[in-house]
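Trainee: The residues making up each chain are set out below.
There are 4 protein chains.
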Amino acid sequence: MAGNTFGNIYKLTSFGESHGKAVGGVIEGVMPGTEIDLDFIQSELNRRRPGQSAITTPRDEKDKVEILSGVMDGKATGTPMGFVIWNADQRSKDYGNIKDVYRPSHADYTYQQKYGIRDHRGGGRSSARETVARVVAGAIAKLMLKKYAVQINAYTSQVGAIKLEKAYNEMDLAKAEENIVRCPDAEVAQQMIAYIDQVRQDKDSVGGVITCVIKNVPVGLGEPVFDKFHAQMGQAMLSINAVKGFEYGMGFKACDMKGSEHNDEFYMDGDKVRTKTNRSGGVQGGITNGEDVYMNVAFKPIATILKEQHTVNKQGEEVASTVKGRHDPCVLPRAVPIVEAMAAMVMVDMIYLNKMYL
Amino acid sequence: MAGNTFGNIYKLTSFGESHGKAVGGVIEGVMPGTEIDLDFIQSELNRRRPGQSAITTPRDEKDKVEILSGVMDGKATGTPMGFVIWNADQRSKDYGNIKDVYRPSHADYTYQQKYGIRDHRGGGRSSARETVARVVAGAIAKLMLKKYAVQINAYTSQVGAIKLEKAYNEMDLAKAEENIVRCPDAEVAQQMIAYIDQVRQDKDSVGGVITCVIKNVPVGLGEPVFDKFHAQMGQAMLSINAVKGFEYGMGFKACDMKGSEHNDEFYMDGDKVRTKTNRSGGVQGGITNGEDVYMNVAFKPIATILKEQHTVNKQGEEVASTVKGRHDPCVLPRAVPIVEAMAAMVMVDMIYLNKMYL
Amino acid sequence: MAGNTFGNIYKLTSFGESHGKAVGGVIEGVMPGTEIDLDFIQSELNRRRPGQSAITTPRDEKDKVEILSGVMDGKATGTPMGFVIWNADQRSKDYGNIKDVYRPSHADYTYQQKYGIRDHRGGGRSSARETVARVVAGAIAKLMLKKYAVQINAYTSQVGAIKLEKAYNEMDLAKAEENIVRCPDAEVAQQMIAYIDQVRQDKDSVGGVITCVIKNVPVGLGEPVFDKFHAQMGQAMLSINAVKGFEYGMGFKACDMKGSEHNDEFYMDGDKVRTKTNRSGGVQGGITNGEDVYMNVAFKPIATILKEQHTVNKQGEEVASTVKGRHDPCVLPRAVPIVEAMAAMVMVDMIYLNKMYL
Amino acid sequence: MAGNTFGNIYKLTSFGESHGKAVGGVIEGVMPGTEIDLDFIQSELNRRRPGQSAITTPRDEKDKVEILSGVMDGKATGTPMGFVIWNADQRSKDYGNIKDVYRPSHADYTYQQKYGIRDHRGGGRSSARETVARVVAGAIAKLMLKKYAVQINAYTSQVGAIKLEKAYNEMDLAKAEENIVRCPDAEVAQQMIAYIDQVRQDKDSVGGVITCVIKNVPVGLGEPVFDKFHAQMGQAMLSINAVKGFEYGMGFKACDMKGSEHNDEFYMDGDKVRTKTNRSGGVQGGITNGEDVYMNVAFKPIATILKEQHTVNKQGEEVASTVKGRHDPCVLPRAVPIVEAMAAMVMVDMIYLNKMYL
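Protein chains in written order, with our numbering: chain A, 211 to 568; chain B, 211 to 568; chain C, 211 to 568; chain D, 211 to 568.
Check the hints yourself; a few may be wrong.
BS3-like, lysine-lysine: derived pairs with alpha carbons at most 30 Å apart [said to hold, decoys possible]:
1. K425(C) - K482(C)
2. K274(B) - K486(A)
3. K468(C) - K517(D)
4. K357(C) - K274(A)
5. K231(C) - K357(C)
6. K309(A) - K565(B)
7. K309(C) - K565(D)
8. K463(C) - K272(D)
9. K517(D) - K413(D)
10. K565(C) - K285(B)
11. K274(A) - K463(C)
12. K285(D) - K565(A)
13. K376(B) - K373(A)
14. K272(D) - K274(B)
From the derived model, a few chain A residues whose C-beta atoms are all more than 12 Å from chain B [as the list claims (entries may be wrong)]:
15. P260
16. S263
17. W296
18. D299
19. E340
20. S367
21. K373
22. L448
23. K463
24. D502
25. G526
Hint data in this document are derived by calculation from the structure and do not stem from the laboratory.
Note that the structure is predicted; figures quoted are calculated from it, not measured.
Note that the Cβ used here is the ideal one computed from N, Cα and C, for glycine as well.
This is chain A alone, in the form it adopts within the complex (with noise of 0.2 Å):
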């Protein structure tokens, strides 16, 4: 299995299943001398901890992280930070009655197929479980970024059919921690809830948008011509499970706009070069421009519901299957500070990348 490590420089190796022993990874480009303040770390991990609210799994697990390398007297050494997260509250038994099944839209089909073999213990390697790797990476991103002033916020901007309409500079983004669902408009956080509840109850589950917003962006960042900032931005969101698009900018509306409404004409504030709009979403050429970067994050229902449905097993027969376990009927509101985390990295890869230019 190749695809385990993310970034350049900054780069994240992660391992782990999840009903195994633990997730975790090693992370490798820590810029000697960080503090590593480990009550920030774990206040990542609350943001994407099951059990967190009354409309996420009730699978209760702590997720503390173990650093094993690479930090002394607080301070990060340089070395690889090893670490892991152990998993508790496994309940593999659950799964006992999928074990052949192959469950739709789900991994288990493919990755049956691919490696002959698979942990089917709630998904395994496929599971979302892994994720918690990276926001232990993301956390520590984040604190590299600190001497940078650069602000990441991600929030829930959609769930099903209710969108939130306000763009990101008419909110006050720091409101969508203030609630259980992510999204920095009180009065639509409670609409998208409510939602969230009634899907639950009807043991269905639902997708949404996320929105992630990058503040006091470095100018320069970002490779052409494969490896421009938003083809990276891209892979790393579309990594994260059960993401199916990827925009930044104007995105898909774009499309049907006129050269003459999309550009952004560049004007001088003081001595700086600034543009008068942003629909360019703060990348031209593949290089920030040090505008405010934005980008959507689609995210489908996930595969997981509590209704009966049709599908085949290991076998080949047709089976009706039904489906324990504990999941969440949204994803989205437990996906932000992982959206957060991977735009993070990328942020810091891309920062060590143009440093070669120093």
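Starting from the known structure of chain A, fit chains B, C and D onto it as the hints suggest.
Mentor: Leaving out everything else, chains B, C and D in the frame of chain A:
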């Protein structure tokens, strides 16, 4: 400048500027013994060639590829294929007046900031002229895909507000090549062409969507967790000039669906496992499941318009600027073969990576 | 800190310091279905273990590996294998007196200069304790090599001036494991052991040569031009602590030979192409030819000696220093399994890369 | 075919066969603004050029490099530099008679086995003609190293049994360029030249050693644990055709030294930390310490000799074969600039990687 190589095993490293001597590259991972059909490669280049129709730039490039290594007696030897496409019809003097001007929504400003120097002629490295190298590598990838019967078809599915409403499997995709906008529905094509022509006369530009479909996809392609099939594909597409968004399967439409509406139930088609529906777009858990892959790629209207715009120059002065030069009012028709090329390269690379399990 | 990953497809990413909580890593590219024989892995670790004999350091580490992922029911699932070896017998206080002292020919000074901070305890990341992770990855590589019947044997062929004159094919290499210095000639082994013991009593250290032999090598391994088989193998060996040189085949002895003396003539052995001699060491043009691979790895005497030495400290003062701590007078006996581990990892990786031609 | 790229940030991707149209490559990571001194690049190529003296092959190649991108007004723009060196004096017909014959100790057999097809003319990709691309990339690396005052000198220190006994710091290394064998000691040079001439007349070939010295090395280069400075350097050198061994510092001589004899004690040279001796060869713990780096590279006698030899052909028949074509009796004089080129590339790459700590 990093980021000039695409792929893991089947790799293209490209070089070249819009108005330099040549654009070219090195292709690694060509299967020894592959018949290098130069006519086919040229026909692919012709699909991307400027000056091919009334709705594309009149810049006249023959775009004839010269292969310098890796081929003997018409067959690939497996060694790297160096190749060049000589730039012929450069009119660098067209760019004299914008040498120091940052054109709105172009890469002029970001390149200057990142590198401290830039080749301003025709956009230099940031020009889509670079993609001619991708079409060569994509054509060779297609030659290699023959033995897998993999079929890749891209087409223009939206120009401005004109959308092709038919699904990909309701049309004969080969018909896309029968009109100059590359839309498989003749009627919609005529509307698109008329609209682009109008935009051209208005000295403006317009965006759109290209849909790409891959049939006969081997099961098992893609490398979770970070290099999922669609994450690689997304990066590939987002690395194309002017692309602002990417989605696969139901994409952003999945956001307001419920799991019970989105899930693809499995059934037995003889002894083959298949899905009744294909909302997943042929990928589950980041790995192909053998169903058709379909994706949408969003293009903004290209930044070059022939209207006067306000901007700033290198000296920090606000100036009005009118661009000369020869440009496409709509990049979509010529981008269709580029999208196919990127898809073909990802396919070959993923097939190679999957061989480790043999 | 870059450079913590070894390999292209079969990859080890290692972490950990000598006196931190643990050393460990992530192994990618384990073939799904491989039986993970923990007893074998442990037996390899035991060969490297400190405290195993009178001529090694008395530090007492059980070096028991704990595998955290990638294995189910005793078989590899193909997902990454995270693992840790907990450090037990750290005596960090032994290093209090050298916290600020740059020990001669150690990594103290260079780490401090490069990272601006370092874990001084036992050498931190620069300690050969890191190699315990390599032995785990090497052991699993060996398990995977079984199906190819590849056989890897390393042994001590020189300690100080005591040289084993017999060629590798004049001895039973398995006998190397019958004595504590790991030399397949019992008589020479006794001389080596006596000499190391003398050196130990003199509070000094001594270097030597490890020879590594690979039999049943598949034809075709190695990737010209930069990643030639022996170039990869050379990098692997030179990355081991205290290694100062690498040669394969006739190595430096080839320098004063003529082509007519060095060339290996081909002949037919039944229907198999073979060479009459094997001065090439099984590699021609950077690719294995199926003959035995043999290589020499030169180890310097390790820098830690218990004699007083003159040096400087972090404050820029010249000081006399006597090192405490527990150390090997000669690293060769414990380095034999490390050399084998690196060889095994390269072999698996090259076999994987070669599968692209299937 | 993998392995055509060398380096992490400063990268060369090379292509080309001995008797194809051209050899060339793509260089990435050239610092924007670097003055591209074509005369200097050509002078480096001239040092490697065939036909330069009585003791090299008479093949007549001007080896004029044509740069296709990445340079404007004589300065690097930072974008990739594509370049070609056209093959002029190919006499492919010289190779007609060995089309199906596996020349002893050549890459003929291994390439045929690995790729199932090969360009037999002049060794195709396995020919040292490929190294002309390395010399271009090395020359540009040297231009970039000017600002660091890094000085790289390689020279022939052994030919057959004729050894230069003086240490590198006992000679004026620039004198190496004053004679055709590139040995800085005029007297020893004459012996070497006479010997090579004798070997040439005997239709034989001979090996030797090239020593490479790097002065003014920045402290802190190299990436432990796997990409140690000397491990990268070792791979670089071992990737050169005909190289059989690599050592740095005391190298194999360190094996019979004691720690008390080998250790380099530190002292204060004003406010600079230095070592009294430099047995380490400027590298400790895989990281440069600022002292001179010195390394030896062992070359076998090249396989092409004009004597009759016994071998087999593709049809599995044992045959006698006499090679025609034009060849070097001793590769050392022309390999000196190649060794320097590889050293320069590693230096630039390591300097780039070290910038992450800025």
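Trainee: Next step is simple, just say for each hint if it's right about the structure.
Mentor: Status of each hint after checking the structure:
no.: 1; hint: K425(C) - K482(C); verdict: holds (16 Å)
no.: 2; hint: K274(B) - K486(A); verdict: violated (42 Å)
no.: 3; hint: K468(C) - K517(D); verdict: holds (12 Å)
no.: 4; hint: K357(C) - K274(A); verdict: violated (41 Å)
no.: 5; hint: K231(C) - K357(C); verdict: violated (36 Å)
no.: 6; hint: K309(A) - K565(B); verdict: holds (27 Å)
no.: 7; hint: K309(C) - K565(D); verdict: holds (27 Å)
no.: 8; hint: K463(C) - K272(D); verdict: violated (34 Å)
no.: 9; hint: K517(D) - K413(D); verdict: holds (6 Å)
no.: 10; hint: K565(C) - K285(B); verdict: holds (20 Å)
no.: 11; hint: K274(A) - K463(C); verdict: violated (57 Å)
no.: 12; hint: K285(D) - K565(A); verdict: holds (20 Å)
no.: 13; hint: K376(B) - K373(A); verdict: holds (26 Å)
no.: 14; hint: K272(D) - K274(B); verdict: holds (27 Å)
no.: 15; hint: P260; verdict: holds (18 Å)
no.: 16; hint: S263; verdict: holds (20 Å)
no.: 17; hint: W296; verdict: holds (19 Å)
no.: 18; hint: D299; verdict: holds (22 Å)
no.: 19; hint: E340; verdict: violated (6 Å)
no.: 20; hint: S367; verdict: violated (10 Å)
no.: 21; hint: K373; verdict: violated (9 Å)
no.: 22; hint: L448; verdict: violated (4 Å)
no.: 23; hint: K463; verdict: violated (8 Å)
no.: 24; hint: D502; verdict: holds (15 Å)
no.: 25; hint: G526; verdict: violated (6 Å)
Hint compliance for this structure: hints 2, 4, 5, 8, 11, 19, 20, 21, 22, 23, 25 are broken, all remaining hints hold.
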